[in-house]
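> Sequence:
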Amino acid sequence: MKTQSFVITGMTCANCVMRVDKALNASDQILEASVNLATEKAKVVVQDDCDVETVIAAVRQAGYGAIVDDKAHREKIRLAKQRAEKNLFWSFVLSAILTLPMLLGMFAGTLHVHSLMIFHNPMIQFLLATPVQFVFGARFYKGAYMALKNKSANMDVLVALGTSVAYVSSLVFGLFMGNMSAVNFESAAVIITLVLLGKNLENRAKKNTSAAIYSLQKKQAKTVHLLKDDQEIDTPVDTIAENQVILVKPGERVPLDLEILTGRASFDESSLTGEAVPVTKTVRQTVMEGAVNLDGVITARVIHTLDDSAISQMMAAMAEAQATKPEIQKTADRISAIFVPVVLGIALITFLLTAIFTKDISQALLHATSVLVISCPCALGLATPTAVMVATGLGARNGILIKDANALEHSKHISTVIFDKTGTITTGHFQLANWSGSDADFQILASLESYSNHPLAQALKGIDILPVSNFQELAGRGLTGMIQDQTYFAGNAQLMAEQGIAVEASSDTSIYLATATNLLGIATFSSEIKADAVQTLADLSQMGIKTIMLTGDNETAAAKINALVKADTVIAQANPVKKAQVVSNTPDAMMVGDGINDSVALSSALVGVAMGSGSDIAMQSGDVVITSENSLSKIISLISLSQKTVRKIHQNYFWAFIYNLVGIPLAAFGLLNPMFAALAMSLSSVSVIISSLLLNTKKI
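Sequential numbering of the sequence shown, starting at 1, is according to the UniProt record's numbering.
No wet-lab data here; the hints were simulated from the structure.
For every residue, glycine included, the Cβ atom is placed at its ideal position computed from N, Cα and C.
It cannot be assumed that every hint is accurate.
For each label pair, taking beta carbons as the anchor points, the in silico distance ranges come out as [as the list claims (entries may be wrong)]: (1) 285 / 93: 52 to 58 Å; (2) 135 / 643: 45 to 51 Å; (3) 334 / 584: 26 to 32 Å; (4) 661 / 47: 42 to 48 Å; (5) 330 / 482: 50 to 56 Å; (6) 203 / 334: 22 to 28 Å; (7) 331 / 670: 30 to 36 Å; (8) 544 / 564: 18 to 24 Å.
All chains, please: the whole structure from these sequences, using the hints.
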């Protein structure tokens with residue numbers, strides 16, 4: 001099973017999304033598909049033996065194009081989008097040039113400009129309207145044909161049918177039968193021109209919703225100062241490999257994820273963490289791509305190449321979130337599936353009733369045309385994805401990296417927040433407080449712990465280590481290994497109990513070192529509570545949200561920490577299995593952890609939040625990543641962002657539905673000219689996007 005992303009070309013509305021989605025999910029080799037109108041992308045989960053051509057063929061069968069969304073095809077995708085945008089723009093411009101004279105001719109009499117009356121001539125209008133209808137409006141006919149071929153209907157069907165009715169009725173009743181009042185060539189041309197204008201405005205607005213990703217791309221350096229043979233060589237960043245050494249000067253942006261080898265500098269990490277206060281870093285500390293070196297010269301080792309760097313991971317996570325379809329979107333999709341057929345039915349009823357009561361076929365056609373062109377499924381299709389795109393960008397700018405759009409929807413409904421203690425409530429940076437054994441045994445402990453990424457192990461670095469064989473991590477308990485033909489165990493009280501070694505409960509965080517039969521020493525550690533931990537738990541309590549603290553420490557040590565943070569419930573001596581069980585048994589729970597012994601719990605929660613100080617597995621398990629390790633208060637911001645995003649989505653749907661509920665009856669009763677109906681339809685999609693963009697003005 002593998003996941004792939006594709007750029008889909010040719011989609012215009014929510015019904016297009018439904019068609020592509022249906023075509024992809026109909027394939028036996030495609031296990032799951034999610035299609036997004038705002039990003040024009042599809043995320044598909046396929047069987048291992050499924051090639052990209054199978055996916056592309058399924059999309060083509062539905063009448064659309066597909067390009068693999070990967071690095072190799074990036075330039076092809078860029079050129080295809082650029083070409084499509086240029087074609088759309090010039091289609092509008094040329095269509096407008098031909099349509100404008102007809103509008104001038106229509107108002108020539110009112111304005112007493114008799115020289116323009118020539119454009120009111122039906123034959124001149126026919127000559128001007130025909131290329132608009134069949135050249136610049138060809139995209140609507142193509143889209144309508146593919147939709148009907150696949151036994152569905154979309155916006156293209158409405159536009160093509162509406163303008164065709166206006167064009168053909170003008171041709172038949174006006175030119176052929178001489179009824180000048182039935183000539184509405186300008187209506188057909190104006191409808192197409194305004195829809196093309198709306199699509200151009202929509203494209204520009206969509207780009208703004210993706211501004212956060214574009215902003216991150218701009219923070220990626222093009223070249224680095226590579227140090228090779230004591231020389232500084234400016235080298236393209238995408239050619240740099242791990243472990244190469246580079247130089248970063250004051251004022252420069254950090255080009256890749258680095259470990260500092262020499263030097264000391266202050267860094268502005270606000271683009272990654274949302275924190276405005278500079279952070280000073282020195283030898284052996286890591287600094288992420290995108291941070292700005294404010295005041296020092298450093299040499300550093302590359303720890304991640306461009307494809308795996310912090311910014312690349314952030315952009316990939318944001319793209320992943322934007323490709324996810326929240327539950328609320330699925331409801332809208334079901335409505336969109338029946339929307340166009342219902343509109344076609346209303347248009348037919350409008351035509352029949354108007355024709356019966358007025359005895360005027362041309363007027364009946366005009367009313368039906370207004371119904372067809374004012375109906376807009378596009379707004380429904382854009383309501384959720386545009387809000388999600390803006391929200392993920394807003395979150396990223398505030399140090400909240402959302403990987404799954406469902407987390408945006410679910411965080412609003414959280415009733416309990418479960419915190420792992422170490423690295424989440426506490427800083428995760430420990431200092432050795434005491435060692436009760438010999439110096440030789442301490443070296444053995446440090447040697448064993450050098451193989452672990454547990455926060456306690458980091459406090460034992462910088463000590464000469466001995467070779468270790470048969471190393472094994474014992475989940476939730478500690479580790480074991482052989483040194484100089486002797487097997488040692490290092491871990492918590494539970495591990496000691498398994499070895500039959502009795503130890504006293506400690507109120508401190510401890511590591512016990514033992515052989516199979518004897519306790520050799522106890523290392524105790526101290527750690528600070530994060531500066532905003534107490535306030536964050538208090539704020540959650542005020543919001544009516546319960547808090548639980550999980551820890552592998554014994555009850556005495558856990559109670560000592562909780563006396564300060566005041567979680568509602570404390571669960572001590574919790575191994576990874578127990579942590580996952582607690583999360584699974586807690587409804588509507590958010591789990592906050594750093595990925596050490598809690599990655600399964602993160603995956604089990606309704607919303608899993610990984611702190612930025614965590615390991616890679618936490619980044620993979622969490623639905624949301626807090627990119628600053630010392631910003632627990634971002635949990636409050638996440639819930640606030642969720643509330644504002646869901647509210648915005650509901651607003652978007654409200655206006656999309658109100659627009660159609662008000663507009664369609666007005667059109668049916670002849671109170672809206674088809675041209676004004678087309679203008680209203682074009683602006684409805686743009687208004688939904690602008691509504692979503694207003695999320696950027698919100699404080700979270």
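> Has the hinted range 52 to 58 Å been met by the Cβ atoms of residue 285 and residue 93?
holds (55 Å)
> Do the beta carbons of residue 203 and residue 334 sit within 22 to 28 Å of each other?
holds (27 Å)
> Can you let me know if the beta-carbon spacing of residue 331 and residue 670 is within 30 to 36 Å?
Roughly 33 Å apart at Cβ, these two residues keep to the hinted range, so it holds.
> Given a hinted range of 26 to 32 Å, is it respected by the beta-carbon distance of residue 334 and residue 584?
holds (30 Å)
> Can you let me know if the beta-carbon spacing of residue 330 and residue 482 is within 50 to 56 Å?
holds (54 Å)
> When you take the CB atoms of residue 544 and residue 564, is the distance between them in 18 to 24 Å?
holds (22 Å)
> Does the Cβ-Cβ separation between residue 135 and residue 643 fall within 45 to 51 Å?
holds (48 Å)
> Using the beta carbons of residue 661 and residue 47, state whether their distance is inside 42 to 48 Å or not.
Holds - the Cβ-Cβ distance for residue 661 and residue 47, about 44 Å, lies within 42 to 48 Å.
In summary, this structure violates none of the numbered hints.
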